[in-house]
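Colleague: Taking the hints into account, I'd like the entire structure generated from these sequences.
Residue numbers (our numbering), protein chains in the order written: chain L, 250 to 505; chain A, 250 to 505; chain U, 250 to 505; chain E, 250 to 505; chain X, 250 to 505; chain B, 250 to 505.
One or more of the hints may lead you astray.
One copy or two, either will do: identical chains are not told apart, so a pair holds if it fits within one copy or between any two.
Unchecked claim - Only pairs whose alpha carbons sit at most 25 Å apart, straight line, appear in this in silico DSS-like list of lysine-lysine:
hint, residue 1, residue 2
1, Lys268, Lys382
2, Lys357, Lys496
3, Lys441, Lys268
4, Lys268, Lys496
5, Lys357, Lys441
6, Lys357, Lys268
Read the hints as simulated data drawn from the structure, not as lab findings. Since we're looking at a predicted model, the values are computed, not measured.
6 protein chains.
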Amino acid sequence: MSGMYEDLKGPEIPEVLTKESILLLPIGAIEQHGPHLPLSVDHIIADETGRAVVEACGDEIDIWMLPTLSVSKSNEHNWSSGTISLGYQTLMAVLEDIGRSVAATPAKKLVLLNGHGGNTTMLSTALRELRLKYSLQTFLMHPSLPPAYGGESNEDELGMGIHGGRDETSVFMFLRPEHVDLEKANRRVPEKLAENTHVKFGGSVSFGWLSNDFHEDGYIGDPTGASSELGETLFHAAVASLSEAMKEVRDFDFGR
Amino acid sequence: MSGMYEDLKGPEIPEVLTKESILLLPIGAIEQHGPHLPLSVDHIIADETGRAVVEACGDEIDIWMLPTLSVSKSNEHNWSSGTISLGYQTLMAVLEDIGRSVAATPAKKLVLLNGHGGNTTMLSTALRELRLKYSLQTFLMHPSLPPAYGGESNEDELGMGIHGGRDETSVFMFLRPEHVDLEKANRRVPEKLAENTHVKFGGSVSFGWLSNDFHEDGYIGDPTGASSELGETLFHAAVASLSEAMKEVRDFDFGR
Amino acid sequence: MSGMYEDLKGPEIPEVLTKESILLLPIGAIEQHGPHLPLSVDHIIADETGRAVVEACGDEIDIWMLPTLSVSKSNEHNWSSGTISLGYQTLMAVLEDIGRSVAATPAKKLVLLNGHGGNTTMLSTALRELRLKYSLQTFLMHPSLPPAYGGESNEDELGMGIHGGRDETSVFMFLRPEHVDLEKANRRVPEKLAENTHVKFGGSVSFGWLSNDFHEDGYIGDPTGASSELGETLFHAAVASLSEAMKEVRDFDFGR
Amino acid sequence: MSGMYEDLKGPEIPEVLTKESILLLPIGAIEQHGPHLPLSVDHIIADETGRAVVEACGDEIDIWMLPTLSVSKSNEHNWSSGTISLGYQTLMAVLEDIGRSVAATPAKKLVLLNGHGGNTTMLSTALRELRLKYSLQTFLMHPSLPPAYGGESNEDELGMGIHGGRDETSVFMFLRPEHVDLEKANRRVPEKLAENTHVKFGGSVSFGWLSNDFHEDGYIGDPTGASSELGETLFHAAVASLSEAMKEVRDFDFGR
Amino acid sequence: MSGMYEDLKGPEIPEVLTKESILLLPIGAIEQHGPHLPLSVDHIIADETGRAVVEACGDEIDIWMLPTLSVSKSNEHNWSSGTISLGYQTLMAVLEDIGRSVAATPAKKLVLLNGHGGNTTMLSTALRELRLKYSLQTFLMHPSLPPAYGGESNEDELGMGIHGGRDETSVFMFLRPEHVDLEKANRRVPEKLAENTHVKFGGSVSFGWLSNDFHEDGYIGDPTGASSELGETLFHAAVASLSEAMKEVRDFDFGR
Amino acid sequence: MSGMYEDLKGPEIPEVLTKESILLLPIGAIEQHGPHLPLSVDHIIADETGRAVVEACGDEIDIWMLPTLSVSKSNEHNWSSGTISLGYQTLMAVLEDIGRSVAATPAKKLVLLNGHGGNTTMLSTALRELRLKYSLQTFLMHPSLPPAYGGESNEDELGMGIHGGRDETSVFMFLRPEHVDLEKANRRVPEKLAENTHVKFGGSVSFGWLSNDFHEDGYIGDPTGASSELGETLFHAAVASLSEAMKEVRDFDFGR
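Modeller: See the structure below:
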């Protein structure tokens, strides 16, 4: 049995959930994504992906989706009025409170589905904190891992379609076409950065950046080639991959 | 113009929002509501009420709804596995971060629409903090104020239908009938408490309580008389009243 | 047996106090109260009321008064040089430390007697925190509840004699006549605010305010009609009412 | 002009206080003091000394006494039910809030008059914090500095009359004879400790201790020789010395 | 000019450092590394690598090494007595304090050289915090990036020589041969984990782990093939690579 | 057996350490010391003294030195670019984390060897916190206690050679002659301060100060008479005295 966690009634929790149950927490963000995309992008993608994953593998896996966190740590966009950002301490406090609450249920596996790249390092830190404090098994997945945090990107963007770029724009066009204004988009690829061997997105040396460090428009990548069709393909591929990963989560026991 | 805040694009914020704009933040909760109601009650009611208010008065008033906070401070239900509760510090940290973010937009009025009575005192504290720190005008509304925090209640519940009681159950039956199991509900009114003159819900002396202090079932009130029809009436009355209040918010200037 | 808590000797604590004992903590404030009243108003009123309550009902009830907290959260008056204000976190930290200390004694009932309206919401939050963390039974009383926080007010002040108004000034004139300069007082009632249905003191919508939001003089109400005689009546009425309430506290058990 | 700070009215603050004004904050404690003394000892001594100092030198020096803090950091006595102790963070938060408030007045000199030895190191730390954050000139005085923190002690107690010993008991007998029960007192001097050259009270090596580390009675010294007469002498000597010191505070300018 | 930061005198700071200067902060750890390696491994490697990098490129680049932090966040090893671990908040507080201090010098580039994989995510978070709060350019390098955090590993360890494995052991044998006891080492590779496609070290799904989750010995990898010769090769390669990276840091300007 | 703590291997900790073992934590600082001394002074002196003490008494006493903390609370020098200062909360957090870690080993005695006077009060506070929270026996020693914190000073400096003065300069000349530039040093003794009876270094009234309150050069004392020979004498005397003290630590049991 699977579904939305919040639809359960209080007395059902100890009956329905077991230590095999997986709780899935999608994490969105409300932040500027350039002139072609709304503030909601990461929120919508995290939420829709979470629902699609439950849909796709909920029959085989006991998985319950928690309500999507709409806001998270977006301080690389603080310069842009409209962005709603939690401090890193606040995000961690929210996760610790959720972790403590989850640990009081029979479920012992918590999966964070992170829609916003800027959260990745803090969420990774949280994985260990929640394991240590509450003995949870904790996992971190991404609808699509941005290159700046270790994912891949299309060659045309030189590995730098990391915020409002081709793929993210495409997925959002598939999910919410009415909220995309592709005509306002331009190529915003920091070409010179790609010449570096070490200090670049995905390089051996990471660096602190704000989204307007590269260009005052604040998006990074080339959304001009985005399309709803590509978005559909990417979205379904992500759901399939995440569903497969969810089975590994179900069977996970630290290789023991 | 009005709508969902997250549908705005970054560069639209300084154009669309003005100092007259009202930002509306519904605040829900994920917490036990007895055997007849799901964990989602406060989350759904806050969210649906917020949307209905924007719908009802968005033409006359410049109002933008922020994504509903799904979880908040529910520690009176910590004893009940399934409840997801933020600490008071975490809730305040979230509100401070949101307030700081809002203050960076042109909008200067922030309305909290609180779906969970247990938040009321902390949110009231936040009103002043956000006014002081960020010079915002801040307001707190409730889809229906529970008696324990100053609202009214039907006589049959002796003023104590404060958690999963007749009115809340009715409203939820109207909004999500498929998630209510009224057959599991009983009368859970702490009759003896009503004999007090001072120390009671709505009395001159307030007191610290957990939801299982009165009865181990953890709901307080008498939901047996709930109905979808009553819920519909209450919901529409609330939306009408809140819309009226929103006009006062729009015109508010401390009586100056 | 009743009295001042601090007069007890260490080894007497486990002998004299029992789980029926009530510990009473008056909470004052040091803050501007307009040109006619000193900074001490809330401090003196809380302290004197606490002592009078112990005097009035100490024979019947086992009640021990802790030293009055002289300063608390007065940040609505931060604009006024002279005000000494604790942050909300500091106030809560003080209350948590006191709660933890009290919980180490045999006494299990802690009553906060709040002389300063601006503390009310934070103290209400503390009631639950201390109940949850330390299993104390916790209560909150007021020498007189200001309308902005749910109390009543005389009609002439339109329900807004909330800071330095007629009643508070009268009580202080009774307690410390030498420190009142009534000639400096004027009517400072935000008349226009009373026209609101929702957004007003005691209305369904609360709002964040600083004491100079209404008038730069920073007091709210009409103290011109204050008198020592009225103060005497109000003070004795409050003590009688609080003493009556204290009996309900003694017998309180959540209506079980 | 001098007096009690809280008796000033808000609008008087910028008129009465100047940058030469000294604000005096007595700091007490509520903590076990053995079977012969009540919990109030440090609270009473700090408060009475503060008042006596203002009385003694208030004509010559512009000095205003803030309400005495009744509770502070007494965690060396946490083992003893009845003690009310603030955490070191809470004490610092209180002092930072008071310092920030004081810095908003014209006064620039803040004197802490510490009645409880256990606060000394944290208060010393606060001196610098408040100077750095708020540009205050800050000072720390003691009604009598206990040997464990650098003061002197009578030979008979081997330099260890540091908590409830002869001198403190005597001063309290002078101030509140009705609350002393000298018959319950015994000699509680950790004689062996005095044999150390380095690791002892007042030695070159300080050490962490709780008041029951030496003896389960929790007082340290020999109060058996205490008398009200000695207390009177000590109290007046302290007031005279502090008044003299207050003149140096008035004239202080870092030796420039 | 380059060298050890601490050897500079106060008045030299504004003269010697410029906005081109790079400050290098090696970060070590004191934590269990299995029975064959001492607690010092990460401390020594970070410190020696830092010194070697300054040596290698200090003539060409203006680089000043801060004293190596000896302890950091090692809570995955908290189960093992001897480990000294800072909480994530403490580590961040230390870095914020250092960042604030560095920002007060003319230098604007701060490089963290991280010797302990367990710090990586928190340090990555710090990069952005320090950039945002103090406008520093911030960078993160590793003497060798462990596979669990995105680096490569030899095939024989199946990509899992991440703590006390072949490479780390070899480097330490080169640096401190007298403190390695290779006879106590065994193969501790969680083979089954390598069968996963997603949930594994370096996979698309990361997970929270403690070092004894895989095997109670607490090291992960196969140190049996370690040698001082391999260590020498690896160390020199790392220093060469880091020195090259340091030039990119010197020239870095966000691809502008 | 004695030595460097970090050279121990994880599994050795429960075998080598016992409840008699003393862990020694030297605490340095990186802060301005005038034009004649480098930032490293307190770091080097603490570290070298720690090593010399282990050398001197390690045969008789079971003593293990933890890696020296290089930075600590130096905020009296925040005005001077180059100083690296931890906030008092950060320093306490570091000490609490170390204390918690140490308490997990068999060792129960922790000695702080403090090279920087500005830490003294906070470290003294920590002694009690660590004793209370972790039941450790805690001690605080100084390579030489500065007069401002209770130590003695040569007469020529009027008891005020407290930062970069004759003795400290001499000791550093002995330890690192190549980093001292005595020609830049002048007499910087706040002579007028010595005329005070109460408010002065070592007087009955302590005061908050920053190192540039007395003179903009920021050092206090008269280093012009410093010499390597004097430093050698002082250093050896300190080591001898500390070694003697360490024996008292070994035998310490609160005089029981």
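Colleague: When the hints from earlier in the document are held up against this structure, which numbers fail?
Modeller: Checked against the structure, no hint fails, so every one of them is satisfied.
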